[in-house]
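Protein chains in written order, with my numbering: chain X, 42 to 388; chain G, 254 to 566.
Some hints here could point you the wrong way.
Stated by the list, open to error - With a cut-off of at most 16 angstroms between alpha-carbon atoms, the simulated EDC-like pairs for lysine to aspartate or glutamate come out as follows:
{"no.": "1", "chain 1": "X", "residue 1": "K388", "chain 2": "G", "residue 2": "D459"}
{"no.": "2", "chain 1": "X", "residue 1": "K305", "chain 2": "X", "residue 2": "E134"}
{"no.": "3", "chain 1": "X", "residue 1": "K388", "chain 2": "X", "residue 2": "D243"}
{"no.": "4", "chain 1": "G", "residue 1": "K514", "chain 2": "X", "residue 2": "D243"}
{"no.": "5", "chain 1": "X", "residue 1": "K70", "chain 2": "X", "residue 2": "D311"}
{"no.": "6", "chain 1": "X", "residue 1": "K305", "chain 2": "X", "residue 2": "D187"}
To be verified - Negatives, chain X to chain G, calculated, CB over 12 angstroms:
{"no.": "7", "residue": "R90"}
{"no.": "8", "residue": "F148"}
{"no.": "9", "residue": "Y184"}
{"no.": "10", "residue": "A192"}
{"no.": "11", "residue": "L249"}
{"no.": "12", "residue": "N357"}
{"no.": "13", "residue": "K388"}
Unchecked claim - Quick list of the computed label-pair ranges, beta carbon to beta carbon:
{"no.": "14", "chain 1": "X", "residue 1": "P162", "chain 2": "G", "residue 2": "T388", "range": "34 to 44 angstroms"}
{"no.": "15", "chain 1": "G", "residue 1": "G313", "chain 2": "X", "residue 2": "V156", "range": "31 to 41 angstroms"}
{"no.": "16", "chain 1": "X", "residue 1": "K87", "chain 2": "G", "residue 2": "T310", "range": "53 to 63 angstroms"}
{"no.": "17", "chain 1": "G", "residue 1": "I545", "chain 2": "X", "residue 2": "K245", "range": "41 to 51 angstroms"}
{"no.": "18", "chain 1": "X", "residue 1": "R246", "chain 2": "G", "residue 2": "T310", "range": "25 to 35 angstroms"}
{"no.": "19", "chain 1": "G", "residue 1": "R317", "chain 2": "X", "residue 2": "G186", "range": "32 to 42 angstroms"}
{"no.": "20", "chain 1": "X", "residue 1": "P369", "chain 2": "G", "residue 2": "Q345", "range": "31 to 41 angstroms"}
These are computed hints drawn from the structure, not numbers from a lab. On a predicted model such as this, the values are computed, not experimentally measured, just so you know. We treat Cβ as the ideally placed atom computed from N, Cα and C, and that holds for glycine.
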Amino acid sequence: MTPSPFKTLAAAALLGLVGASGPAQSAGKLNLYNWFDYLPQELVDKFSRQHDVEVTLDTYDSNESLLARLKAGVTGYDVAVPGDYMVRILINEGMLELINASEFPNFGNIPAEYVDVYFDPGRKYSVPYQWGTTGFMVDTAVYDGDIDTLAIIFNPPPELRGRINMLKDVNDVINAGLRYLDLERCNGNPEDLRRLSDLLNDAKRHWLSFNSDGAKEVLVSGDAAVGQIWNGFGMRARAERPSLKYAYPREGITGWMDNLVVLKGAPNLDNAKLFLNFMLEPENAAILTNFARYTAGVSGTEPFLDEEMKTAHEVNYPSSAPPPEFVPPCPDNVIRLYDRIWTNLLK
Amino acid sequence: MPSPATPPPRAASEHARARRRLKARALLLSPALLVICGLLVLPLCIIVVYSFLTPGTYGGVVWRFSTESYVQFLFERDLFDDTLAFSPAYLQIYWRSFIQALVATTACFLIGFPTAYYIATLPERKKYMWVLLITVPYWINLLIRTIAMLFLIRNEGPLNHALLFAGLVDAPLKIAYTNIGVGIGLIYTYLPFMVLPLYAAIERFDFRLVEAASDLYARRWTILRRVILPLAMPGVVAGSLLVFIPSLGAFIAPDLLGGGKNLMIGNLIALQFQGSRNWPFGSAAAVILMTIVLCALLVYVRQQSKARLRQLR
Numbered sequence: 042m043t044p045s046p047f048k049t050l051a052a053a054a055l056l057g058l059v060g061a062s063g064p065a066q067s068a069g070k071l072n073l074y075n076w077f078d079y080l081p082q083e084l085v086d087k088f089s090r091q092h093d094v095e096v097t098l099d100t101y102d103s104n105e106s107l108l109a110r111l112k113a114g115v116t117g118y119d120v121a122v123p124g125d126y127m128v129r130i131l132i133n134e135g136m137l138e139l140i141n142a143s144e145f146p147n148f149g150n151i152p153a154e155y156v157d158v159y160f161d162p163g164r165k166y167s168v169p170y171q172w173g174t175t176g177f178m179v180d181t182a183v184y185d186g187d188i189d190t191l192a193i194i195f196n197p198p199p200e201l202r203g204r205i206n207m208l209k210d211v212n213d214v215i216n217a218g219l220r221y222l223d224l225e226r227c228n229g230n231p232e233d234l235r236r237l238s239d240l241l242n243d244a245k246r247h248w249l250s251f252n253s254d255g256a257k258e259v260l261v262s263g264d265a266a267v268g269q270i271w272n273g274f275g276m277r278a279r280a281e282r283p284s285l286k287y288a289y290p291r292e293g294i295t296g297w298m299d300n301l302v303v304l305k306g307a308p309n310l311d312n313a314k315l316f317l318n319f320m321l322e323p324e325n326a327a328i329l330t331n332f333a334r335y336t337a338g339v340s341g342t343e344p345f346l347d348e349e350m351k352t353a354h355e356v357n358y359p360s361s362a363p364p365p366e367f368v369p370p371c372p373d374n375v376i377r378l379y380d381r382i383w384t385n386l387l388k
Numbered sequence: 254m255p256s257p258a259t260p261p262p263r264a265a266s267e268h269a270r271a272r273r274r275l276k277a278r279a280l281l282l283s284p285a286l287l288v289i290c291g292l293l294v295l296p297l298c299i300i301v302v303y304s305f306l307t308p309g310t311y312g313g314v315v316w317r318f319s320t321e322s323y324v325q326f327l328f329e330r331d332l333f334d335d336t337l338a339f340s341p342a343y344l345q346i347y348w349r350s351f352i353q354a355l356v357a358t359t360a361c362f363l364i365g366f367p368t369a370y371y372i373a374t375l376p377e378r379k380k381y382m383w384v385l386l387i388t389v390p391y392w393i394n395l396l397i398r399t400i401a402m403l404f405l406i407r408n409e410g411p412l413n414h415a416l417l418f419a420g421l422v423d424a425p426l427k428i429a430y431t432n433i434g435v436g437i438g439l440i441y442t443y444l445p446f447m448v449l450p451l452y453a454a455i456e457r458f459d460f461r462l463v464e465a466a467s468d469l470y471a472r473r474w475t476i477l478r479r480v481i482l483p484l485a486m487p488g489v490v491a492g493s494l495l496v497f498i499p500s501l502g503a504f505i506a507p508d509l510l511g512g513g514k515n516l517m518i519g520n521l522i523a524l525q526f527q528g529s530r531n532w533p534f535g536s537a538a539a540v541i542l543m544t545i546v547l548c549a550l551l552v553y554v555r556q557q558s559k560a561r562l563r564q565l566r
């Protein structure tokens, strides 16, 4: 006699209930906390199958909101994906689990230049996930002039006014402004900040919205003709609207590296480490890269990458543009000043 | 008549019964009281305490007393020399929120009243179907409904395409990412909160009074103004409060439909706990909002009881 599907389901549910109360089940879980739209289901399923682990995924939309929620006492997550400077902050705040990535079997896949990074020398707390740039895209069907300048955002030509989406991210907006004014990053100089604040408040007239998780959608729909965006997300936008073009402003561009970390007090520490090691496998890093469209922080992914990745404007950095700038975390007083400028801008 | 020194057994048993009743009442109330104390009063106390502390750089609070959050609400500290200057920026956010909430409440009433009246006059069986239909939007998550609304009203959305196609406008109407977009979102979200109490009030209404009024040569407008509206007043008040207060603290509509450019109180508070990591200021903003709403309600209640006294005289 074959069991009816209903009975099988009921049995499975019962097992689940019984299992949930015992410690055996918790060894088979992993709770991820990642940026939105940043991990393909294919990888989740693959890891799930390989290690018989039940994976849950929650998302956030900026480094700042990750920090805010962890600070607010959100617990239960094992792995998060902070950007470079945020890794530094989380280490300083004692919020990360020491994992000594050099002991991972796949540690050798990390290129040497990504091991001794300023935010985690020797990779004691993190492993690389993806790296990319934060620039902006312009719809060339709307504007066909020179787009490789931040003036597109801060002093836009008439056809682009009122059609600009900015990332809802204090550092991305402020750093772009500082570059446009040719001022130092992590700037605590009141006179400079006043100029910056005036620039932002003046340019806001021309901005349609502040949105990070809708940054792609607003460009694809055509509501915005300019949008601050991360390069890989931008490449995915171009796939849906080919007239979009990623700009490499000559004033400079933000580079970033996102990293996998294990959060302090992770309920599934062993699975978290398994997952980090799993993501260092070139084939898996390539699946991620083909989905997210940034650049892998792992070597040996080339044979697995899509043909498009080799030629895409968004991921192949032009030699004519200034090198991407990785901005370290700013001192406390500067963070406070930035927050004030940001709140003042949004209100 | 029995002497008071020796109460009859009947009185004693009544006394015991009253005590039992009191006990039962306390027992029945205790879950609600526990919930209110544990989940409302206690968190409120925490918010008030936090609003008088110093913010930590990366969120959280430093346990040092400070009234800075309340000062910051009205004054801006100079970036240079820490001198204070009056700054109406936060007041503007509160003002904008009040106007938005007021407009939403008025619009909900204007749309909701005829709807509720229509439903209340339907035959019994149809009534229930309509009330059910009013609640249908609530089967879908608010976030999804708001994003769907954005897709409808944005520049490249079906609304603007239809208007352009019909030749009614030359350029897309700018509704999304403006205050009008936020208003539409609020009305759409809270309309059922107006319709349902109004319906409950009108449903109990004795329609023979309308006939009586028209027999007495009252015009339709007069009937509405002098007969129907006063009797539906409890529903109007309940509906207005249910729309106004949540609109005031709305957070999703301004963020999505307003493009996050023009904050409302809800966004200001959320921002303090996310991007800006200034918990004390977020708490202070919440306390100020709560105080304003509470004062407005108290004034209203007092006026109502005065009006009732006048009627009794």
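Results of checking the hints against the structure:
no. : hint                                : verdict
1   : X:K388 - G:D459                     : 49 angstroms, violated
2   : X:K305 - X:E134                     : 11 angstroms, holds
3   : X:K388 - X:D243                     : 13 angstroms, holds
4   : G:K514 - X:D243                     : 13 angstroms, holds
5   : X:K70 - X:D311                      : 10 angstroms, holds
6   : X:K305 - X:D187                     : 47 angstroms, violated
7   : R90                                 : 31 angstroms, holds
8   : F148                                : 30 angstroms, holds
9   : Y184                                : 16 angstroms, holds
10  : A192                                : 21 angstroms, holds
11  : L249                                : 5 angstroms, violated
12  : N357                                : 30 angstroms, holds
13  : K388                                : 5 angstroms, violated
14  : X:P162 - G:T388: 34 to 44 angstroms : 58 angstroms, violated
15  : G:G313 - X:V156: 31 to 41 angstroms : 32 angstroms, holds
16  : X:K87 - G:T310: 53 to 63 angstroms  : 40 angstroms, violated
17  : G:I545 - X:K245: 41 to 51 angstroms : 28 angstroms, violated
18  : X:R246 - G:T310: 25 to 35 angstroms : 32 angstroms, holds
19  : G:R317 - X:G186: 32 to 42 angstroms : 54 angstroms, violated
20  : X:P369 - G:Q345: 31 to 41 angstroms : 35 angstroms, holds
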